[in-house]
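*Asks:* From just these sequences and the hints, can you work out the full model?
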Amino acid sequence: MHRVSPWVVASLLLLGAGAYSETSWKGVRQAVPEISRKDLEPTLGQGVLLGILGGLRTVVADATWLRSYVFWERRDRAGCEALMKTACALDPRSRFFWENTGYAVGYDFAHWEIRRRGGYAKVAPDIQEGIFRRYAQLGLAIFEDGVEHTGGNSGILISAGQLAEIKLKDNLLAAAYYRRATQAKTVPWFAYFMCARTMWEAGQKKEAYEWYRTQWLGKLKKDEDGAPDDLERLRFMEDELKVPVQLRIPRQTWEK
Amino acid sequence: MNARLTRTSWIARITFLEAIRQRFFAFLLVLSAVMVVSSVSLRFMDFGHSELKFVADFAFGGMFLFGSVLALVMTAQLFFAEIENRTALTLLAKPLSRTEFLLGKFLGTWAVLGVFVFSIAFLQGVILWSRTQELIVLAAETGRVAPDFSVSGLASFAVLQWLRLGVVAAMVLMVSAVARTFLFTVIVGAMAIVAGQLQWLAQEALLKPSDASVVTKSLLWISSRVIPNLQQFNIGDTLVLDPTAISGAAVWSVVLSGLFYLVAFLALASLAFRRREI
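Residue numbers (my numbering), protein chains in the order written: chain Y, 1 to 256; chain U, 1 to 278.
No lab work stands behind these hints: they were computed from the structure.
We put the beta carbon where it would ideally sit given N, CA and C, even for glycine.
One thing to keep in mind: the hints can contain errors.
Sample of chain Y residues at the chain U side, in silico, Cβ under 7 Å [claimed, not checked]:
(1) Pro-6
(2) Leu-14
(3) Leu-15
(4) Ala-17
(5) Val-28
(6) Val-59
(7) Phe-96
With a straight-line cut-off of 16 Å between C-alpha atoms, the simulated EDC-like cross-links for lysine to aspartate or glutamate are [unchecked claim]:
(8) Lys-242(Y) with Glu-210(Y)
(9) Lys-205(Y) with Asp-239(Y)
(10) Lys-208(U) with Glu-22(Y)
(11) Lys-169(Y) with Glu-201(Y)
(12) Lys-26(Y) with Glu-204(U)
(13) Lys-167(Y) with Asp-126(Y)
*Replies:* Shown next as structure tokens:
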């Protein structure tokens, strides 16, 4: 009994250290980028493990991204997607990786697929449309992941809106993305207009005007130059909607 | 008690002097330093990160990779050199306990690892500071917000890395205490480091509600208790570039966790070494 007890104490000490590490890990978990095992499985054993282990993560992510370009040039969809997603997984806070992976999947892959099936002349237009829509959906899923991991990056939201608009021809979905972009920390100046335009083109003209007007009066008017381009577009909308003069945005002193 | 401390510190001192003179140590130190210095000229390879993050990541990588190699190989080599050269027998024939011998070995190795980590951290600080000064000038010209880094965050990170390497060294000593060969120790130690870096996966899988079998859950529980979580020390990005995103209490909690592991592994190593035939 006397000889066993130090072993028991030491083992309990190790178990206690293990149990305590759960608490300490919870405290610093936010500071370590989220890495999904699923994302990394396809490329494990190709140097990526090094990136998971700590340090060098940015460097390995960059190298992985460079390697993905080799597959991109070969039009190798599987290899390209796997490596691009790996770069995203290794450095999930980088807007660049998410945005460009979304672009490749959402725009390029559909063209590769059509060419693989014999080219634009051989694939029926409705099939082509289906392919474009399928890859656009996949691209949007990547953008959504990117938005989540980057804390709502407005650039990725704008890219998602453009993909929804161009490939899915879904102006309402695009407007929803642009609107989310206007609520981000750093908003590009054109996000308001893009949201209002897509709502307008989706047939929600009155809603588009009301929303754009609220944004202009609440935020854009306070800009250094008073956002004259946005006001010009609002005037166009007021004309189109035949808004009575007394209900229109009051004329600004600097307005032409 | 004082005599014990004196004896332990003598072993630590001899181990430190022996280790710091090794070419292997100098080689890895120079290699890491080159890696840190070259990061500035390699920044054109970067995609979409802040420049300081890219530069800092090289040093983090150097500390992690070469520091781990150093902790693993040097600890095992210094221990087995004493056994194979029979100097351990001579030393232990004197009034020196095995625990004192092992603790001295650990402290000497840890001190060398400290020299490695703090030298690289200092160099990283110099590189980051000089590049920050250039970026401040550029930012002023273009009207952008100048980037910055935290010196205290860098110091905290260096301490955390030193502690991590201490845990690795203690773990390797524990393996050395039961292993028969240097090669076996290095292989098992390397696997333990990889497992430690990935331990958080087991920890998180255990915390998340799932329909895993009892056997799987038991395995996860054991691995998350026995294998140290080494990933918790890799918070350099946040500490150096975004120090407000992490609380001081969380960092202290990691330090405490590291110390617990260190003591636990040293206790187990000491017990195993007591029974070992030399």
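*Asks:* Find the hints from earlier in the document that the structure breaks and name them by number, from lowest to highest.
*Replies:* none
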